[in-house]
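Peer 1: The chain contents come next:
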Amino acid sequence: MSSRREILDLLRENARYTTEDIARQTDFSVEEVAAAIEDFEEAGIVRGYQAVVDWGAVETEDERVRATVELNVALDRETNYGDIAERIAKFPEVTSLRLVSGDYDFDLEVEGDSMREVSHFISDKIAPIPEITQTVTHYIMESYKEQGMEFGDRDDDDRLSVSP
Amino acid sequence: MTFEPADRVEKVPPSGIRRFFELAEEMDDIISLGVGEPDFTAPWAAREAAIASLERGRTSYTANRGKRELRERIARFEADKHELPYDPDEEILVTAGASEGIDLAFRALSNPGDAIAVVQPSYVSYVPDATFAGAEVVDVPTRAEDEFKLTRDVLESSGAAEADVLVYCYPNNPTGATMTGDELAEVAAFCQEHDLVVFADEIYADLTYEHDHTSIATLPGMRERTIVFNGFSKAFAMTGFRLGYAMGPPEAIEAMNRIHQYTMLSAPTTAQYAAIEALDSCWGEVQEMTSQYDRRRKYVLSRFEEMGIDCFEAAGAFYAFPKCPWDDAEEFAEALLQEEGVAVVPGTAFGEGGSGHLRVSYATGLPDLKEAMSRMESFLE
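Residue numbers (our numbering), protein chains in the order written: chain F, 1 to 164; chain P, 1001 to 1381.
Careful: at least some of the hints might be erroneous.
What the hints assert, rightly or not - Residues from chain P that face chain F, not an exhaustive set, calculated with beta carbons under 10 Å:
no.	residue
1	VAL1035
2	SER1125
3	SER1291
4	GLU1306
5	ALA1363
To be verified - Anything over 12 Å on all C-beta distances counts as not near chain P; from chain F, calculated:
no.	residue
6	PHE40
7	ARG66
8	TYR81
If you are wondering where the hints come from, they were derived from the structure by calculation, not from laboratory data.
If you're wondering where the values come from, they're calculated on a predicted model, not measured in any experiment.
For each residue, glycine too, the CB sits at the ideal point set by N, CA and C.
Please model the complete structure; the sequences and the hints are all you need to start from.
Peer 2: Below, the structure written as structure tokens:
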């Protein structure tokens, strides 16, 4: 018997599967799949649906520039990690923000139209936040895998087209 | 002086799917549901072990029977997973794919003129292998109404009682049918009554969806009259490594090894290192692949149902075996390939027992599977 978790796995695999596609792959009916997805959305379990884009393969001059930024912060009695995170997450340039263990506190992902724009954003908007003690910016030069999907030439299937 | 094929070669017709294969090769933009191999790549840990073995220069032959370390792992795995305890020194032979093992068994354990009962539809190699061994083939056609299971009825009516060997594959290629322990007990009783030995091809043993696999060798009185074949190609998606194994009583394995040591010498060394790692650490991947196949299986079955095509619910391997909507399955498969660019295999490629059906492999990613089923739907309209 399928569990509702399977529906989540399928959506994670391909959010464009129709409810019919998902029903065909599980033991749920189309109506049950639709209801489950609605529940997931309402409960905030499914937060949204996005395409995984290999920007390196996009032939355009409007190249997107991305960077990951290590942030160190100093807390005081009135400020906790959540407060700082709330402030940073509001910037539209920030595409992801995570509190991490190790040498630095926050792992920030930033996107912009140019290196200049990203640099200015870090120096003008992030670095001046009083609790932030250090930023280390790493520009993403090439992406080989995003959200579980490998990029690159996938057309390497030389299996026999008809085989025993 | 010209080369004339030997009589035993002439006796074997070219593969039923060869013409089809040639057609498919010439075409662009085909979606093949004709592939009998996983679309997954072998688990990384197994590939890495193969690479590491090469880096360390482990490029020599191994023992004829296979690396002892591998045979021990196989013994442990078969005992734990399939309740098949075999002695790694005397009862296990590592072969270049399960196919080599089956060929060895025919040649080592049957005499020219012996009768080999082949359960059909069958994997394409059994009949030619039996012919190369000089044996006579007795067809044992299973029926769609029995869900392609082997029954005492079928065994009796086909004349299998007169045969020396019974060969079958469950979970089955091409039908996807499986057999439960109770169902196999009937077969076991028949084999004991009529003194048949069994060649049980269990290469799909770990790709089952409804119930766990049972080997006939676990049934009372059957271990001593059964050779079990398995390998790494299907469950571990390691087809290109060409690695399998046979398990059976010491005298049978010794006889098979006698031929193996003069033809293959030993199975590929690099592949043996990969196989050790696969058994040690790649079960997570096997489970993941199996659950993906299960989803594709459900998808394909439901699409056939929507198209009004009769297809029984296969519970193992990665094939659906629907009834062909046309009278002539070969004609249908050829037209579907030429008009829609979708390759499926006509059931007749697997013997007469497969006529009127198509083998549709779902060892193909879901996007291609969806597209292929849609094309089939519009072809039917």
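Peer 1: What hints, given by number in increasing order, does this structure fail?
Peer 2: none
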